[in-house]
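Protein sequence lines correspond, in order, to chains A and B. Residue 367 in full-length UniProt numbering sits at position 367 of the first sequence, with consecutive numbering throughout. Residue 358 in full-length UniProt numbering sits at position 358 of the second sequence, with consecutive numbering throughout.
In short, the hints are calculated from the structure, not lab data.
Below, simulated DSS-like cross-link-like pairs (lysine-lysine); rule was C-alpha separation at most 25 angstroms, straight line: (1) A/K251 <-> B/K226; (2) B/K251 <-> A/K226; (3) B/K226 <-> A/K226; (4) B/K25 <-> A/K226; (5) A/K25 <-> B/K226; (6) A/K373 <-> A/K387.
Just so you have them, the derived chain A footprint on chain B, three or more residues with Cβ under 8 angstroms: (7) 224–230; (8) 259–265; (9) 277–284.
Backbone N, C-alpha and C fix where the C-beta goes; we use that ideal spot for every residue, glycine too.
2 protein chains.
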Amino acid sequence: MADTKVYRAGTTAPVNIAVVKYWGKRDAKLNLPTNSSISVTLSQADLRTLTTASCATAFAEDSLTLNGELSDISGARTQACFRELRARRAALEASNAALPKLSTMALKIVSENNFPTAAGLASSAAGFAALVQAIANLYELPDSPADLSLIARQGSGSACRSLFGGYVAWRMGDKADGSDSKADLVAEASHWPSMRALILVASAAKKGVSSTSGMQQTVATSGLFKERIERIVPDNMISMEDAILNRNFAKFAEITMRDSNSFHACCADTFPPIFYMNDVSRAAIRAVESINAKAGKTIAAYTFDAGPNCVVYYLEEDKGAVLGAFSETLGSTSGWKAGVGSQSGVLDETVAEILRDGVTRVIMTGVGEGPIKTDEFLIDANGETAKR
Amino acid sequence: MADTKVYRAGTTAPVNIAVVKYWGKRDAKLNLPTNSSISVTLSQADLRTLTTASCATAFAEDSLTLNGELSDISGARTQACFRELRARRAALEASNAALPKLSTMALKIVSENNFPTAAGLASSAAGFAALVQAIANLYELPDSPADLSLIARQGSGSACRSLFGGYVAWRMGDKADGSDSKADLVAEASHWPSMRALILVASAAKKGVSSTSGMQQTVATSGLFKERIERIVPDNMISMEDAILNRNFAKFAEITMRDSNSFHACCADTFPPIFYMNDVSRAAIRAVESINAKAGKTIAAYTFDAGPNCVVYYLEEDKGAVLGAFSETLGSTSGWKAGVGSQSGVLDETVAEILRDGVTRVIMTGVGEGPIKTDEFLIDANGETAKR
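Required output: the full structure, derived from the provided sequences and hints.
Put into structure tokens, the structure is as follows:
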């Protein structure tokens, strides 16, 4: 009798924001990086991708729907994820004849972000982490998060770090086949649970130079980049792990800011130069500097990915000073949670004006957990995309 | 009989805009740089400092008036210039008793720029070059421009390059006393007379971080800077001299742009980061890229000093394409000379809009000569500052 069942599994996966940045591939096909990196996984209560993976003999072909739009899945990266996951499922089926032959069925994946795509908010990281975890759940693979991170990495490099919660390293590895280039837990979220992040969304427009293309231009043309990957990042990795393990915020913050600066410096040194930060981003840096100066110690750290949004890391105990300074200026911007006070006189008036004009929303979040299995499905029991 | 005469001499001196940048001192007292640099001397028809140096027994104390305001001359840099020049004059007087004892008289210096001070237009370079040359003229020193450049360097590092016209290198030297850190002619203006510069003045406001302070912060904190001074700049020096000697504009342009990018990358990598360029500067880069793309070859090069102004180098033969693209957008901005056409459709509309909003004036100029002795005095025969 033919298997007419629709198999389903779901997961959510988090965004991660690097504090030691990934920028540069040594192998573009396998997404092998020129350097290791470290990120903080952000809470899924605020930012997450929700993905349902399903398969059925009735499905004609593999498909992926992202935020209501059918995605092109013919790309090598998505295909690599599908192929790797199917191979693992096929191995299980080969060793246990009782298992349904899911590896032979077409996959239907539906995915939704609760934040704008491609605005520099690491949506591809959460997206590929969720894709891989959802299919792994569907296939009931026994693989560990580190094992799955090897697959997610082939979809989008930084996605490998979203397989874990808390504080996560991506060890670059040195094998040519990439089998040792994967995510590694530095510390659980519970080790340092008071870490918070305030995201200043400077633009929700699609960015100019994609990070995939940008980082390869940097590798090919920046004269300063070699120094970053050979000396700066290895030093930052050691210091950052130490800062996290010892919950040393001042050290964590300084390395975060310096590493972000170093990354954007290499972008500016690319030929032609790549600029992800704009005048609003630079005003956010000045704001963080003012907050720290006012506090007389480092209580806030800025970092920027491949876009103008500023992520400000701070600790729960300093929320009054950090959030207060920003909400004084950005109080009428959407995204503030209840109970945020306001601190006048911290930000320079020019800085405040640029932020007021350029920040379109804020997101208040903090360190969080890795992918969470869910029964909230975006595909119904008949294999139809659920109406929402 | 007492000598009651007022002795006067005058000079003009040019601005120079580096194509391989000076950034970083290995000795802050002597203004010894971490790397060599190369600049183009700009025409004094458009940008110059006019300085009159005078001395008389009647003058009570040394003074310097700059653009109508008395300057503080107590700083070590100005004092070093006065001291060095007086010592040279004193040596002449010691060997020839017939010479008036100018070295014992107070100096009165009056200086005027025909462009805004401290707006990133290298005013200190022209200013110190003029100061040194004017006093050298007053003292009738036999020193060569290279000799005088040693003195001007102690006033403001890049001033040493304004003692020559044309294409000028500042050889960093390696002696501890700085006696080999001086300007050197790469080629006369007449060697490559078709070099032009269009300056897009993005702001005439005083800049935030002075270059003196900024470059020392970079030396102290940028992890990438070492690579710049040890490898990038030495390579650029060799390539740039070759490009100039062979009048190879495409090569000249690429090194100019890459070196400017590398310098600003090191500023961005400074902790805390230094940003001289703003969104207007970045739009100017995109404009130059569009002009080159449209031409199908490199006919324009951008470079930025320690401020947001863009200097665009191009050749006279390409003025139609280069000036035309900018004047289409900036036609109503002041500073255009007669006969500039306009080329539509070259610049992206977003870029054009940012330039229109942010460029306050343009300056059209080109390669020019070094200091020129003048009888146009800012101090009258009685030693009074001339009313103008």
